[in-house]
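Protein chains in written order, with UniProt numbering: chain A, 1 to 356; chain B, 1 to 356; chain C, 1 to 356; chain D, 1 to 356.
Quick caveat, the hints were computed from the structure, so don't treat them as lab data. Treat the hints with care, as some may be off.
Treat identical chains as interchangeable: a pair holds within one or across any two.
[Unchecked claim] For lysine to any residue, the following SDA-like pairs were computed, each having C-alpha atoms within a straight-line distance of at most 20 Å:
| # | residue 1 | residue 2 |
| --- | --- | --- |
| 1 | Lys161 | Asp147 |
| 2 | Lys119 | Asp39 |
| 3 | Lys332 | Asn114 |
| 4 | Lys311 | Arg3 |
| 5 | Lys312 | Asn114 |
| 6 | Lys48 | Asp309 |
| 7 | Lys332 | Gly233 |
| 8 | Lys312 | Glu344 |
There are 4 protein chains.
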Amino acid sequence: MVRKLQVGVSGLGRMGARHALHFLERTPRADLAAAFDPDEKTLAWARKCLVPFGTTLYTNYEDFLQHPGLEAVVVAGITTQHATQAVRAIESDKHVLCEKPLSTSIGVCEHVLNVAQTKPGLTVMCGFSRRFDASYRDAARRVRAGDIGRPAIVRSQTCDKHRDDDYFVHYAKFSGGIFVDANIHDIDLALWYFGQDSVVKSVTAVGINARLPDLEQYGDVDNGVGIVEFYGGKIAYFYASRTMATGQTDTTEIIGTHGKIVVNGNPQQNLVELHENSGIRREVPQTYYDRFEHAFVTESNEFTECVLDGKKAPFELAGAVAAVKIASALQKSLVTGKKIEYNEAGEEVVAEKPRL
Amino acid sequence: MVRKLQVGVSGLGRMGARHALHFLERTPRADLAAAFDPDEKTLAWARKCLVPFGTTLYTNYEDFLQHPGLEAVVVAGITTQHATQAVRAIESDKHVLCEKPLSTSIGVCEHVLNVAQTKPGLTVMCGFSRRFDASYRDAARRVRAGDIGRPAIVRSQTCDKHRDDDYFVHYAKFSGGIFVDANIHDIDLALWYFGQDSVVKSVTAVGINARLPDLEQYGDVDNGVGIVEFYGGKIAYFYASRTMATGQTDTTEIIGTHGKIVVNGNPQQNLVELHENSGIRREVPQTYYDRFEHAFVTESNEFTECVLDGKKAPFELAGAVAAVKIASALQKSLVTGKKIEYNEAGEEVVAEKPRL
Amino acid sequence: MVRKLQVGVSGLGRMGARHALHFLERTPRADLAAAFDPDEKTLAWARKCLVPFGTTLYTNYEDFLQHPGLEAVVVAGITTQHATQAVRAIESDKHVLCEKPLSTSIGVCEHVLNVAQTKPGLTVMCGFSRRFDASYRDAARRVRAGDIGRPAIVRSQTCDKHRDDDYFVHYAKFSGGIFVDANIHDIDLALWYFGQDSVVKSVTAVGINARLPDLEQYGDVDNGVGIVEFYGGKIAYFYASRTMATGQTDTTEIIGTHGKIVVNGNPQQNLVELHENSGIRREVPQTYYDRFEHAFVTESNEFTECVLDGKKAPFELAGAVAAVKIASALQKSLVTGKKIEYNEAGEEVVAEKPRL
Amino acid sequence: MVRKLQVGVSGLGRMGARHALHFLERTPRADLAAAFDPDEKTLAWARKCLVPFGTTLYTNYEDFLQHPGLEAVVVAGITTQHATQAVRAIESDKHVLCEKPLSTSIGVCEHVLNVAQTKPGLTVMCGFSRRFDASYRDAARRVRAGDIGRPAIVRSQTCDKHRDDDYFVHYAKFSGGIFVDANIHDIDLALWYFGQDSVVKSVTAVGINARLPDLEQYGDVDNGVGIVEFYGGKIAYFYASRTMATGQTDTTEIIGTHGKIVVNGNPQQNLVELHENSGIRREVPQTYYDRFEHAFVTESNEFTECVLDGKKAPFELAGAVAAVKIASALQKSLVTGKKIEYNEAGEEVVAEKPRL
């Protein structure tokens, strides 16, 4: 019989439940051996949808880690638990796929990275879903092949559909802010296309609350724009929004000295166009998952493959820390209203005090 | 002082008025010297909009032709008058730009052609507006350059926006039917891209009345599909409609052995896209003129240039007759329900009588 | 333990191997219990890719049908074997998913249908992949909801990328011709959108060999255009090609009295656009599978669900027979050069012999 | 006879010659009475193309202003002459259409504005061509109508095609820099869509030289990104480039609380799409004039109409000064590397000196 990776999913909320189903149903080389969630309502769902297929449920994370034969853990619960759970899993010799961000705190991110580096035999990945999307990968392949010359400018946006409820306001308590929560994907893309070793020169961000004034209490905004300068003649600029009328509209442009690649310049739900009295219309994905479902499934399969076949992960965990650093700097620039500058060693440059 | 072509427009109805204004305002090398229309309401408009700029009005066509210094006539009135007026203008030694079709009768078309051929010094053109459209011309240039190999298939459609009034029903009395009135443009395009000397092998057409059952009394339909086979391995197929919800949606594909060119595959009013709650929407031209305004202006200017500079017309009058022949055959096939076949000499092949 | 459908795949050629993998890896509720193929090279692949995961191989179809516990059979071998294998499977009380077409012979199709009707408890489906495509389904939902009024015109094309080898010529020996092999999908779509009970009034087809003159020996063409009139004011027109420069470009339009739906009007491989010196470019799917991979996976899963949960198949087997009838009529019209007419009872109307 | 506006064009370089021809040939209510240019080569062209149609040439600007009957002047020469010539024309009681920018110096701009305000009877306009483009106008109409709620974010870019020569380097000597020369259009659009009275809160810009390192000597860049914050919850962000591989790709998005409008999200030369072996391709405009030709013609006609009919200009001259102020601030931020902040009175806020 063929060996299947024994995977456990921690956290069965919205994204966690999806991860669980991806491993259960759409990752042929993995078994969903175990799942952890302390919430009774979530467990009820799991009893109906996971347990009949062989998954064991746990309400205690440490017990979950001790599940016989468990090899790998997907950390998919609330952001504030990501780092703690990831660290404990690594310490228990489990391979880890951790939802982004590792943490909203740079120090905590670095701690996870340090712990992971003590176990070089483990696959520890941060779940940047776009890294697994066919279109972003096609773009990466072309950039690497030199199709656009030297990449010089990245424009990237993560734009969510407006919701009439207060979801985004509640979410802001823990999300780390719009640049950390939403643009982190775009930052990761910039690092992918520019090179992971790109050194930040300056960071600036501004933002407004167009429809969600209650975000202000958390120092957050519903629309933000940021610029990140890198040494070596590279600029990334970002836009994030929680208030799009039409749906999830994430677009990225990579502009090189000799060409440009656009990913998702024309968002679309499917291949249907409607000719109506008011014109020609197409629908667009309503949520992040609508847009990236296939990327998440690829993620599950490639994580599994890396572990089973001893392959190198498609990208380094250190990159996830770098992305959080940049995102946090954008957030800090947003709140302080200041441009933040760095020297080539990566240290923040504090404006000189005038001499007396 | 620079010589300007002295032009007269016959017929100041919807399209005639536009032609008049194009020569008056947007054809720098021409003067709108005269205009003819017997209708009082139309003349009232002309007195206000043309006369102050130097145009003389006539209510008698023969008087109009005698306007001192008149050099060229645009025949833009009702279809049933096209041929008569064009012939009289040619006989009076005027250059002629005649709206399509010359006539809905092949015999009459041929008569106009014969008369024109007696005056080789005159420019006599039929107003196939798409021949002057930048996109169709770009396609023609590429086809001639061999960019798609040998052109083998043409798909072309002329689709009007549905109107809630009975315009199309009244219009059908004189229009010659949907293939003669609408698809004649597409037929002309097929002859352009395949070559004017293409010989028809067979013609088939079918149609329905989706929303305008009153068309039936005139043997016409509001949606028609036709196929024209040419000798030498070439097929054109056509669609015409009077019932589009969205607007004027004329699309053409030229498929060659080594590539395909699409003209107006994605109709659009302008360069604006609207992101709304219901999706992403663009508007489309509502009328034929919305789509082809610039082509009509180019037509005025090039007709003027041909006459003033003694240039050859951009296409032969004989092509206009060939297009009417094909359109009439499609109309006949629609009405009889029969496929019509031709030998290589262009003669209709009548099914053999079975031997006794 | 949860019950999984025990599936066997017959024929492990290009599409068969894909079906096998879909059931093995991407259909959580099914097991690929068995596979049949007589070809040694194909079996070698299966020994490596299927057997380790629990699939038993057979080189004799009858033995394959006797595989212990086998519940369902996917008939995916060469077209000429479809009907025989499907019939034997049904007779052996297996549920059947049969690749299209059931047969290129109407009589044989009807025989399969008759046999299937003797076993109403079995799920017997013909694999019209587009029925499982998200975009075609979205279109169907909108048509049913009345979004475009009454559907009146369907335009649909199946266009394959040109191949420099003689694949399509060899294929033509058994394929039944371009209308039966390629446009059968479009015909099926027309029946879906117009209603399965639509009655054909007339059929006309023409074709050429633009690049593959060797097709002529099989009475086939590399580019064909056909029109199918239905009683009740409905027209479908089709285009099929084997010579597209760019790739798989299957497009469908459903035109109703009050709107139009376009499926895949702008073919695209993914969401990437390339800005290059020569303009803006996107790539397109190169093969049918590139375009419809996800539809095939949905097909496997829904077939499995229908059987396990006793659900009605999403469409009737009778429709597959109706589609072959229309496709064969188009092929006959192509070869004879004649329009074929039918009365409302569905009988071909033979032109009256002239009276003596 | 109908009165025609007597127009003179100053400067017959690339854009000046086009303006001259627009007034000569495509502005029915205007005569090109006079033209001024000191350059012999340019005059040779004018003698051939303008003089035969009644235009008088001048090599002395003051003589040109004295041309009998001259009513209006188009200032279209080099940027450094714009202000001087505009002022002299106003002082000579001529209506003025001045190419953008009035000047690269804010003080000079304000001087022009002051002079213009002493002659309220004169039409004095700055030539922001996009204000006359059908698509930008459609967007403005929709914004004013409230279609997108309150406009909150504007993204706008002006991207020129890369040139292999050193045009952009030479041009940088006088252009005022990329934000003043290129993004000034985008800034003007932001003021249009946000309201002319919008008050700047902060300005930040960064830039690189991706292909034109020689720009550095002029303190300029070939790719620049800038953010302009306005009081009242409005942000505009800009991108300008001189190095696009594909052509002129100017795109604008206006994002409101309830919808978004995109102008030219998909640049295209015309309505042609090419299906080739490498995919589907369309060409894009190569130059600014390719994209905005019709807007320039509309500009000529509306300027003429404003003067002849005593209409208010479609936008205020003061806006042109405001745009230069913002553009200059972006340029200053680029060069200094500092974010520039303003109080609500529009005064630059200098960072407090730390107290001793």
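Structure-based check of each hint:
1. Lys161 / Asp147: between (33 Å within a copy, 17 Å between copies)
2. Lys119 / Asp39: Neither way: Lys119 and Asp39 sit 31 Å apart in one copy and 48 Å across, limit 20 Å.
3. Lys332 / Asn114: neither (25 Å within a copy, 43 Å between copies)
4. Lys311 / Arg3: within (16 Å within a copy, 34 Å between copies)
5. Lys312 / Asn114: Classified as within; 18 Å inside a copy, 56 Å across copies.
6. Lys48 / Asp309: between (32 Å within a copy, 17 Å between copies)
7. Lys332 / Gly233: between (23 Å within a copy, 19 Å between copies)
8. Lys312 / Glu344: Result: close neither inside a copy nor across copies, 29 Å intra and 55 Å inter.
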